[in-house]
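Colleague: Take a look at the letters that make up each chain.
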Amino acid sequence: MHDDHAGGSSHGDHDHRNRHLASSPEIRVEALEDLLVERGIADRGRIDAIIERFEHDISPMIGARLVAQAWLDPGLRQQLLIDADAVLAGMDIRGAEIEHIEVKANEPGVHNVVVCTLCSCYPWALLGLPPNWYKSPEYRARVVREPRSVLAEMGLELDPSTEVRVWDSSSETRFLVLPERPAGTEGWPVERLADLVTRDSMIGVDRAADPGSE
Amino acid sequence: MPPDADESAPAARSVHDLGGASGYGPVPHDPDELPFHADWERRVFGLLGAVTASTARRPGEFRYVLERLDASDYFDNGYYGRWLAGFEVLLGEYGLIGPDEVSSAVARRANVTPEEAAGASPVQRAAPVAARDPAAMPPDRPTPEPRHRTVRRELADPPRFSIGERVVAPASVQPGHTRLPDYVAGKQGTVTKLHPAEVLPDSTAHDLGERPQHVYCVGYDAQTLWGNEADPNATVHVDLYECYLTAAEGG
Numbered sequence: 001m002h003d004d005h006a007g008g009s010s011h012g013d014h015d016h017r018n019r020h021l022a023s024s025p026e027i028r029v030e031a032l033e034d035l036l037v038e039r040g041i042a043d044r045g046r047i048d049a050i051i052e053r054f055e056h057d058i059s060p061m062i063g064a065r066l067v068a069q070a071w072l073d074p075g076l077r078q079q080l081l082i083d084a085d086a087v088l089a090g091m092d093i094r095g096a097e098i099e100h101i102e103v104k105a106n107e108p109g110v111h112n113v114v115v116c117t118l119c120s121c122y123p124w125a126l127l128g129l130p131p132n133w134y135k136s137p138e139y140r141a142r143v144v145r146e147p148r149s150v151l152a153e154m155g156l157e158l159d160p161s162t163e164v165r166v167w168d169s170s171s172e173t174r175f176l177v178l179p180e181r182p183a184g185t186e187g188w189p190v191e192r193l194a195d196l197v198t199r200d201s202m203i204g205v206d207r208a209a210d211p212g213s214e
Numbered sequence: 001m002p003p004d005a006d007e008s009a010p011a012a013r014s015v016h017d018l019g020g021a022s023g024y025g026p027v028p029h030d031p032d033e034l035p036f037h038a039d040w041e042r043r044v045f046g047l048l049g050a051v052t053a054s055t056a057r058r059p060g061e062f063r064y065v066l067e068r069l070d071a072s073d074y075f076d077n078g079y080y081g082r083w084l085a086g087f088e089v090l091l092g093e094y095g096l097i098g099p100d101e102v103s104s105a106v107a108r109r110a111n112v113t114p115e116e117a118a119g120a121s122p123v124q125r126a127a128p129v130a131a132r133d134p135a136a137m138p139p140d141r142p143t144p145e146p147r148h149r150t151v152r153r154e155l156a157d158p159p160r161f162s163i164g165e166r167v168v169a170p171a172s173v174q175p176g177h178t179r180l181p182d183y184v185a186g187k188q189g190t191v192t193k194l195h196p197a198e199v200l201p202d203s204t205a206h207d208l209g210e211r212p213q214h215v216y217c218v219g220y221d222a223q224t225l226w227g228n229e230a231d232p233n234a235t236v237h238v239d240l241y242e243c244y245l246t247a248a249e250g251g
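Protein sequence lines correspond, in order, to chains A and B.
Going by this note's numbering, the first sequence opens with residue 1, and the numbers climb by one from there.
Going by this note's numbering, the second sequence opens with residue 1, and the numbers climb by one from there.
Calculated from the structure, these hints are not laboratory results.
Among the clues, some could well be false.
[Said to hold, decoys possible] Residues of chain A placed beyond 12 Å of chain B at every Cβ, according to the derived structure:
#, residue
1, 22
2, 34
3, 42
4, 69
5, 96
6, 184
7, 186
8, 192
[Unchecked claim] Partner residues aside, some chain B positions facing chain A, computed with beta carbon under 8 Å:
#, residue
9, 31
10, 42
11, 50
12, 57
Keep in mind it's a predicted model, so treat the numbers as computed, not measured.
All C-beta atoms in this analysis are idealised placements derived from N, C-alpha and C, irrespective of residue type, glycine included.
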C-alpha cells in the first residue's frame, strides 16, 4: 500500500489519493479486523463461518419452498396467515430475524409490499440477506409515499382497483408476502412451484414468475 | 449523500428516518442481486456477527449508533459502510479499540499521517448518546424471565387499545432512539392487530431498562399521511409501541 510516486504523479495527487484510501471501507475493515484478532476479541475462523452461513446456507429458497407448500395445502396456508410462528417452529425453520413472522397473502384486489423505512429490517432466515435496493434510501423513502408508482417502475403494473398495502417493519415483527399461485401450474410438484417463487415476489415488488418462462 | 430533505419536514428529523422523504429517484433495482458486492462487505458482516457479544447487546443499540452517524458516514458506502462506521463508534465507546488505534492502523495501510487518518474517522463526526429523561418514559415493570434471548415479554396488564380503535402517535419530543417514524406522527390510524409484547427500544438503546410494551399494528390511509393527491387505494401499516399511542379525539 505504499505510493512510490511512479509515473510522475505530484505530491498533491498522492495526498488526495491516500486520504481517499484512509476513508475507504476496504482499508478500515482490514485494520479493524487485524486489531480485533490481535486482541483476541474476534476469531477469523468464526468470521469466515458467519459469512459462509449467511452467504450460502440461507437463501430465498427457504421462503420459496414455504410459499410453494402453502399453495399446495390450503390448511397450511390458513395456518401461516393466522400463526406463522407455530408453522415455522413445526417445520424447524429458525434463525436470525424471524422471531415473529406475519405472512400477508396477495389475492385478487389486494397486493402487499414490505419495507423498513427506519433501517433495513428483513426476515433473514427466510429470505437470506437483503439486496441493496431494499436497503436503498430511494426504496425506503418512496414506497410508503407512492407505492403504486414505485412498483410500476420496478416492473409490476397493478390495476388501479387493486388495493396496495404497505408494511413498514418498525418493530421486531418481520413480514413475508405470500404471492398468488400462477395459473397453468396445476399438478406441479412443490420443487417446481418453488422455482417460480422469487425473492422479489416475497418482498412484494413482483408476482411469482410466469410458468411459461421457466 | 441524500438529496435535500423536504423543507417542510421538522428540523429534528434524523438521517435514517427516510419514510416519505422527497427528492429521491428510481430504486436501484436488480432482481438477481447477490447479498454482497465486494469482499469488504463480507468482512464487515462477519466481523460484526463475531463481535456482537462484546458490543451492541441491548435491543436498539446498534440501530441507534447508525442513527447517530454523520450523513456522509450513513450514506456514502451504503448499508455495510454504515455498519462499519457504527461499529467503529461502538468499539471506541466500549473501550475495546480506541479511535487513535484505528487511525494509526489505517495510516500505515493508506500511507498517510495518523492525523490525516483521524480526519477520515467516523467517530468524531458521530453524535453522542442523547441524554434522555427516564421520568418521561413509561414505567418499567417486571415480567417473567424469558427462557432464551428474545425481545418478547409476557405482560400481565391487558393492552390499552383494541382492534378497530382510532389512535394517534404524537411526535416524539425526547431526543434519542425511537421506532416511531416521523411520517406517521400526529396522524390518525386504526389498530389492525396486536403483535407480541416487546421490550421498548427507546429505553433499552439508552440503557434505561426494558419497560416492555404491547405492540400494535396501526393502519393509515395513504391520503391521511400524504394528502389528497396520494393514492386513494393504498394503506401503510406501521408497528407501534403502546407508549407512543393515544386515543384519537373524536375518532
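Colleague: When the structure is checked against the list of hints, which entries are broken? Sort them ascending.
Modeller: 1, 2, 3, 5, 12
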